[in-house]
Every structure is written in C-alpha cells, then in structure tokens.
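Q: Residue-level listing of the chains:
2 protein chains.
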Amino acid sequence: MPELRKDAVTGRWVVISTDRRKRPNDFRRERASVIGGEHCPFCAGREGMTPPEVLAYRRNNSPPNSRDWDLRVVPNKFPALQVEGNLDREAEGLFDRMNGIGAHEVIIETPDHAKTFTTMSEVEIERVLWAYRERILDLKRDIRLRYILVFKNHGAAAGATLEHPHSQLIALPIVPGHMRDEIEGARRHFADKERCVFCDIVRQEMAAGRRVIHENGEVVALAPFAPRFPFETWLLPKSHGARFEDAPRQQYESLARMLKSVLTRMDRALEHPDYNMIIHSLPFSEQVTDFYHWHVEIIPKLTRTAGFEWGTGFHINPTSPEEAAQVLRSFGG
Amino acid sequence: MPELRKDAVTGRWVVISTDRRKRPNDFRRERASVIGGEHCPFCAGREGMTPPEVLAYRRNNSPPNSRDWDLRVVPNKFPALQVEGNLDREAEGLFDRMNGIGAHEVIIETPDHAKTFTTMSEVEIERVLWAYRERILDLKRDIRLRYILVFKNHGAAAGATLEHPHSQLIALPIVPGHMRDEIEGARRHFADKERCVFCDIVRQEMAAGRRVIHENGEVVALAPFAPRFPFETWLLPKSHGARFEDAPRQQYESLARMLKSVLTRMDRALEHPDYNMIIHSLPFSEQVTDFYHWHVEIIPKLTRTAGFEWGTGFHINPTSPEEAAQVLRSFGG
Numbered sequence: 000m001p002e003l004r005k006d007a008v009t010g011r012w013v014v015i016s017t018d019r020r021k022r023p024n025d026f027r028r029e030r031a032s033v034i035g036g037e038h039c040p041f042c043a044g045r046e047g048m049t050p051p052e053v054l055a056y057r058r059n060n061s062p063p064n065s066r067d068w069d070l071r072v073v074p075n076k077f078p079a080l081q082v083e084g085n086l087d088r089e090a091e092g093l094f095d096r097m098n099g100i101g102a103h104e105v106i107i108e109t110p111d112h113a114k115t116f117t118t119m120s121e122v123e124i125e126r127v128l129w130a131y132r133e134r135i136l137d138l139k140r141d142i143r144l145r146y147i148l149v150f151k152n153h154g155a156a157a158g159a160t161l162e163h164p165h166s167q168l169i170a171l172p173i174v175p176g177h178m179r180d181e182i183e184g185a186r187r188h189f190a191d192k193e194r195c196v197f198c199d200i201v202r203q204e205m206a207a208g209r210r211v212i213h214e215n216g217e218v219v220a221l222a223p224f225a226p227r228f229p230f231e232t233w234l235l236p237k238s239h240g241a242r243f244e245d246a247p248r249q250q251y252e253s254l255a256r257m258l259k260s261v262l263t264r265m266d267r268a269l270e271h272p273d274y275n276m277i278i279h280s281l282p283f284s285e286q287v288t289d290f291y292h293w294h295v296e297i298i299p300k301l302t303r304t305a306g307f308e309w310g311t312g313f314h315i316n317p318t319s320p321e322e323a324a325q326v327l328r329s330f331g332g
Numbered sequence: 000m001p002e003l004r005k006d007a008v009t010g011r012w013v014v015i016s017t018d019r020r021k022r023p024n025d026f027r028r029e030r031a032s033v034i035g036g037e038h039c040p041f042c043a044g045r046e047g048m049t050p051p052e053v054l055a056y057r058r059n060n061s062p063p064n065s066r067d068w069d070l071r072v073v074p075n076k077f078p079a080l081q082v083e084g085n086l087d088r089e090a091e092g093l094f095d096r097m098n099g100i101g102a103h104e105v106i107i108e109t110p111d112h113a114k115t116f117t118t119m120s121e122v123e124i125e126r127v128l129w130a131y132r133e134r135i136l137d138l139k140r141d142i143r144l145r146y147i148l149v150f151k152n153h154g155a156a157a158g159a160t161l162e163h164p165h166s167q168l169i170a171l172p173i174v175p176g177h178m179r180d181e182i183e184g185a186r187r188h189f190a191d192k193e194r195c196v197f198c199d200i201v202r203q204e205m206a207a208g209r210r211v212i213h214e215n216g217e218v219v220a221l222a223p224f225a226p227r228f229p230f231e232t233w234l235l236p237k238s239h240g241a242r243f244e245d246a247p248r249q250q251y252e253s254l255a256r257m258l259k260s261v262l263t264r265m266d267r268a269l270e271h272p273d274y275n276m277i278i279h280s281l282p283f284s285e286q287v288t289d290f291y292h293w294h295v296e297i298i299p300k301l302t303r304t305a306g307f308e309w310g311t312g313f314h315i316n317p318t319s320p321e322e323a324a325q326v327l328r329s330f331g332g
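For the record, the sequence lines run as chains Y and R. Heads up: the first sequence is residues 0 to 332, going by numbering that gives the first Met the number 0. Heads up: the second sequence is residues 0 to 332, going by numbering that gives the first Met the number 0.
Quick caveat, the hints were computed from the structure, so don't treat them as lab data. Incorrect hints may appear among the rest.
As the list makes no split between identical chains, a pair holds if one copy fits it or if it spans any two.
Stated by the list, open to error - Straight-line C-alpha distance at most 27 Å; calculated DSS-like pairs for lysine-lysine:
| # | residue 1 | residue 2 |
| --- | --- | --- |
| 1 | Lys-192 | Lys-139 |
| 2 | Lys-5 | Lys-237 |
| 3 | Lys-192 | Lys-5 |
Starting from the given sequences, assemble the full structure and let the hints guide the process.
A: And the structure:
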C-alpha cells in the first residue's frame, strides 16, 4: 500500500510508493528508455494491454475496450496511489502518515502514436480537455480526495516513459505543496485588496503587453514576471473562474486553440522541446472561490536543473520573460 | 545586471541572470558537456584561468594565485549575482524586483583533478568545511545580504559542468524558498512546544534507529521520515546549533568523517551516483537561534525527475527511508 508522509518541519507531503519500482533491489540509475511504437500499449488494437477503461470517446457505438475509439482513460498500470482501502491516519511520534488513497489515471489522447498537441486538430485537443473535466467531476465525488493534479509529460526529458500522446491525472487526499503556496498567496492578496491576484495580473499584463505571448477570445498566454525556467508560460482565462472543471464551454475551446498555438511557437523557436504541462485549480474543499483563478503552466525542458535548485527552491533563470515573450510572439503563424 | 524578481502570487524570488547564457540567441537545449582534465581551469598550474582568489590555503608561503596550494576560493567566472552596485528595489505595478546584488564563488577543494569526497582524506574534507566557514564569516559582514547558500553539484546529472572537485557559494539579499518554509515550520514548532523540531527529530530517530544510517561523535546521518528522493540523506549535529559557521571545531571534524562515510556507502550501494549536497543554516537576519538547527542534505541523482514534480512540489518516491537506511547501513566499512 503506498503511503503519504508529512515532513515534520515544512509540512510538505510526499508519497512513498515502493510498488512502482520493478525489482525490489534496483536502486540504480533509471535508464532513459522510452517505449516506442512497436511495443506501445496505448495504440489502437492493443486495448488488452491496459487496465479496463474508465472513460472512452468511442466511434460507431463500439463496445468498451474494443478497437474503435478516439480517446480512452485507463487506470495507470503502476499507480502511485490506490483507490481501494481506508484513509487511515496515524502518528509515529512527531511524524504523520496516512494511507496512499487516491487515483492515478492515464488519458490516452488519440489512437495515433505519432500525433502531438501541435499536430492534433483543435477539436482533438478540446476533446482531451473535456475528458479531463469528466474525470475530475467523477472523482471529486469521492469525499476522501482534496485535489486532482492533471498534467502532461511530453518527451523523455520531461519524464515521459511512453511516446504515445497521453496525459495523467493523480487524485490526492492532500493539497500539493506549490498549490498550497499559491492558494495561500492568492488568499492573502484577496484579504488585502478584495481582488483576485490572477485577475490583477491578467489586467496589468494585457495593458503592458511586454510579457504577453498571444491572446484569443477567452485565454491569454503570458511569460510570468518571475519565471523559474526559461520560456515558462502561463495560460490564463481572461475572466475569473476558480476551477478548471467549472469553466464555461468557450474557455475550453479557447484553451485548446491556445495550447496548439503556444506549443507550435515553442516547436519553432526551441526545436521541438520536451515539456511539462500542469493545470492549477482550486481544491474541492474550498467553499469560497473569489480569490483563486485556474490556469495552465507549461515548462519546456531547456536547461538541466542545476541540483541546488532542487534543494533550495531557488531558481536562476538565464532568459528574461520579456525576451521569451518577444521570441514566442515572433514565431506565431 | 542580474535581477531578483518576486512572484506576486507565492512570494517566491527568482534570479533573472541573462549574462550567464553564452550566446544571446541560444535558447536551445543545453548540451551535457563537462569540462575534463585537459582544459580544466581549476587544476594546479592554471591559476591564471580563474578570477583572482579571495581565499587560499597555500603551501610554503607561496604568493596568491601561484601554483603551490591546497585549496582556493575564487569568484565564479559566470556569476549569477554581482557584488558591485546598489540594492535598488522597485515596483512594477503588482510586481517587485531588486538588483541582483550578491556573491557567487567557487571553492576549488583540491589541486588534484581526480579526487572526490570519497577519495579525499578526512583532513582534506575538513579543510573544505573550514573554507566554507571563512567565506561565510567574511561575506555576512555585508549588510545587504541575508542568506548564503553553500552547495556542491557532483557529476553531470547533478548539474556540474566541471569535473574538478569543487563546491559553490551564493550569497543572497533574500532567503530562498525552501529555507523560508523550513524556518517558518521550525518557528511554529518552537512556538507550540518550546523545543527545536530538529532536536526532537534527532532524539526520536536515534531512539528508534530504523532510519539512522550512521552516527559518530557529533553528527548523525538519517534517512528523513518523508524524503522527496530515493536515498535522500540528512546529516545533523546531535547538539543544538542554528548556524553552520558558528559550529564548534569538533562538529566540523565529525561532519567531515560523516560526509566521507555516507558518500562512500552511496558509492558502494548505488554505483557512484552523482549527487547534490546543500548546507541549511539560519539566515543572518534572525536574532533568535533556539528554534533552528543547521544541517546538511545530500540528494543522490537516481531518478529522472518526472516533470510534474517541478510544477507541483509534490514528490513520488519509490524507495522508503527505512529501506534506504538499511541498505546504507549494510554498506558500511
């Protein structure tokens, strides 16, 4: 059973999930092996290689787990957390732990092994966003859970072990560290000014323009003022909304177009970088929604992470956001 | 001039240091090139390839920047921060920035290109610790500075670009993110219980034993209860002390022996892993010292960092600390 453990000093939770290691004594370096097309369990016709689907967009009324589909969501075969069991909590002296209850799912975005968000159509990307939404709405009914991480690791440098286009979702009984910091920061700003800090950022950045990469009907793409990484990019809905899953239909349509546009610009400017995409959204447990603003963060993997950044949370970024925004603006269609 | 910028939501500071990129338009992936012996600027006889030394332990009263030395400290040739200038602070609407004032130095630990902390003698390692101390005591007289990061990136996977054994020091006008979280957490624990949380951890772990890797006269090495990474290891002085630079002499002697012992165990158990070592110490600006406890963290680079951990601060660790401690205990001399 995976376990959630809390650091007694910082309050940071981690998952200890020993089942994910293939061999019990293999502590050595991970090999950078990525599963290619020949053995891909996510390709059409290999539905038996995954656990049974929990959601699928199917063609021609085809039966579950058969071949004819546009998108499938399946449980992760090596889950970091488990749905079964009780959320037992206990202390060990100073320390706190609980069972690693949660869900870990894979969104297989298309049957086509070779596609990416830049070669998919906007309609295909929007379908992926709707699948995120459906899974979130289903999972949040489980009262043990407090947060759902939706993310995409594209390419080996970003941590992907399968080439086939896919995203992941991890539902947790706790709120992860950075999200907690963000939520507390946004809450302080609102308490102080009675305004959402992200609404303030959108307004100021759209007026100034220097860090704006692109905007469309509902969404604006920004290089944030204090980026941790070169070409870090935030996609924010222009109008206030706390949760991704509660967004109006036209925001998904705008977000799909924006994802394709921004990732295409990065492909052109940065030679097809690997990247991580993460959705930030308000935890279910929060009743008040006026202080937080959902958004998407994209981090291309351009620099090796100098190790001390891991241990310190302190980032040295060699590219200014003004320059990054200017470059990405210039690589537009 | 490098710039410190604060994220308006989380309060996290980053350095934007565009001078460190060699060519202005090179946004592409970093090559994993490590400078080997032939072109090494840190080897004996190449003293002219570094900026002039700010500290050296020399043999035979040899003159500064000449060949005959045991250890040298020099400014980083591509510094992330600069000593010259004023700490100008300004707002840009919502946002805050200040000049990137600070110091960035390299501790060249030995003239011998091929040595490591596991092949150096304990006396040689202790000499490195004394050099850290001397530089900290000198730099903290600069009232613009609030924190000094002392760290070591060993190997390309840990972010090192030079093979030659060296550590780094970055002096900052702000307190970095993780340290701030740690300090606030330790302050809360003390306010609640009138005890240092690290003293509590040392006491509980030494009594339980399961996560103890090794102990000697003054220092204990632990696998922390909630490690972010496999084989993450903390080295703590057994008796309370808030700042590394104020530690008594015998703690440096014990720490040197412990570093050699722990890194030798990791070399045996994990096939000579790359690693990061970071010293955590109380910021200069803090007057009260009873709530914080300096220590050293070692993080071997065994897993590729799945990207979402960057964006979320949420870590999935496939190795339990009990297992890691047991393995490292069994690989003792």
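Q: Does each hint hold? Answer for all of them.
A: Verification of the supplied hints:
1. Lys-192 - Lys-139: neither (31 Å within a copy, 37 Å between copies)
2. Lys-5 - Lys-237: So Lys-5 and Lys-237 pass the 27 Å test across copies only (22 Å; inside, 36 Å).
3. Lys-192 - Lys-5: Between copies only: 18 Å across, 33 Å inside.
The structure does not agree with numbered hint 1 stated previously, though it agrees with all others.
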